[in-house]
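Make a model of the complete structure from these sequences and hints.
First residue of the sequence shown: 979, per our numbering; consecutive thereafter.
Note that these hints are calculated values from the structure, not bench results. Each hint should be verified, as a subset may be incorrect.
List time: in silico BS3-like cross-link candidates among lysine-lysine, alpha-carbon distance up to 25 Å [claimed, not checked]:
1. LYS1064 to LYS1037
2. LYS1004 to LYS1047
3. LYS1080 to LYS1140
Estimated spans, in silico, between C-beta atoms of each pair [unchecked claim]:
4. SER995 to GLN1071: 36 to 42 Å
5. ASP1177 to LEU1124: 28 to 34 Å
6. LEU1027 to GLU1077: 25 to 31 Å
7. LEU1124 to ARG1086: 19 to 25 Å
8. GLU1074 to ALA1120: 39 to 45 Å
9. ARG996 to ASN1025: 44 to 50 Å
10. SER1042 to GLU1184: 28 to 34 Å
11. LEU1210 to ASP1109: 20 to 26 Å
Glycine included, every Cβ here is placed at the ideal spot set by N, Cα and C.
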Amino acid sequence: MKDLFSIGELAKLQNISRQTLIFYDKIGLFCPAYIDPENGYRYYNINQLDTLDAICIMKRIGFSLNEIKENMKSFTSDRSIVALRKQLSSINQQIEELELIKSRVEHRLNQIERSMDIFDRGDQVLVDDVDSQFILIQDVPAPYTLEMVSIVTKECFVRAAKEHLPIFFQSGVIVPYQNILQGIYTEASHAFLSIEKSDHIDGVIELPPGRCVYTYHTGDYLSIGTSYQRILDYCQTHHLTIISNSYEFAMNDYLSTANENEYITKIMFYIQDEH
979 MKDLFSIGEL AKLQNISRQT LIFYDKIGLF CPAYIDPENG YRYYNINQLD
1029 TLDAICIMKR IGFSLNEIKE NMKSFTSDRS IVALRKQLSS INQQIEELEL
1079 IKSRVEHRLN QIERSMDIFD RGDQVLVDDV DSQFILIQDV PAPYTLEMVS
1129 IVTKECFVRA AKEHLPIFFQ SGVIVPYQNI LQGIYTEASH AFLSIEKSDH
1179 IDGVIELPPG RCVYTYHTGD YLSIGTSYQR ILDYCQTHHL TIISNSYEFA
1229 MNDYLSTANE NEYITKIMFY IQDEH
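Here it is as structure tokens:
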């Protein structure tokens, strides 16, 4: 028709699909200027091009269709300023969240890449001074099974997501030292997630700086007792006294591999020299 665009012509001109224009019509966001009563074909006039441009740009900026529809009811400069300021605040928040996620992904990637070198080190036991770090802990209820540990760990991740807590993508458990001495290696009292230093968050504790002994257990978790015995033997031989529970950090786990032979767990105790 003269001075009118068909839905196909408008879709091609704006580089959007016909289905999108049909949907905009159905929700009352952008309706055709004329509908042929004989065949139901939609047609748009040239004055509508600017309106469709505005809608497409707002959508690209990140406004929802409901927000765009509401804005278009009273499309003024003052209303646009308010809407754009609100959207800018939302974008800045998304950028902060993406920067946090980016740093976590980089941390996870570096951790996995470093852990691959551990397979070449053999069964080493190491002593080192560690910096302070923070963990978000949650009690594991009796009977302290691996299934309960898994559930509690997932609850920690869910809480962290809901509350936007600055966690790293690393989990772990605390195993009481008395359990280790009794040969009970897989009954953890707490599950935890590594987290940035955070004030006023329930359940966050600091692992202080100090001298620690540690080793890496590779392979399936049920065989971790051999690695614990390696640490105990080392401490006895080198006259080191263990003064803490065990802190196990999952270096490579189900979050990065389905092959349990590739699992790596760092086992760490705080120690002091025997007098």
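Structure-based check of all given hints:
1. LYS1064 to LYS1037: holds, 14 Å
2. LYS1004 to LYS1047: Between LYS1004 and LYS1047 the Cα gap is close to 12 Å, so the pair holds against 25 Å.
3. LYS1080 to LYS1140: holds, 18 Å
4. SER995 to GLN1071: 36 to 42 Å: 30 Å Cβ-Cβ, so the 36 to 42 Å window is violated.
5. ASP1177 to LEU1124: 28 to 34 Å: holds, 33 Å
6. LEU1027 to GLU1077: 25 to 31 Å: violated, 38 Å
7. LEU1124 to ARG1086: 19 to 25 Å: holds, 23 Å
8. GLU1074 to ALA1120: 39 to 45 Å: At 40 Å between Cβs, range holds.
9. ARG996 to ASN1025: 44 to 50 Å: violated, 20 Å
10. SER1042 to GLU1184: 28 to 34 Å: Since SER1042 and GLU1184 have Cβ atoms about 42 Å apart, the given range 28 to 34 Å is violated.
11. LEU1210 to ASP1109: 20 to 26 Å: holds, 25 Å
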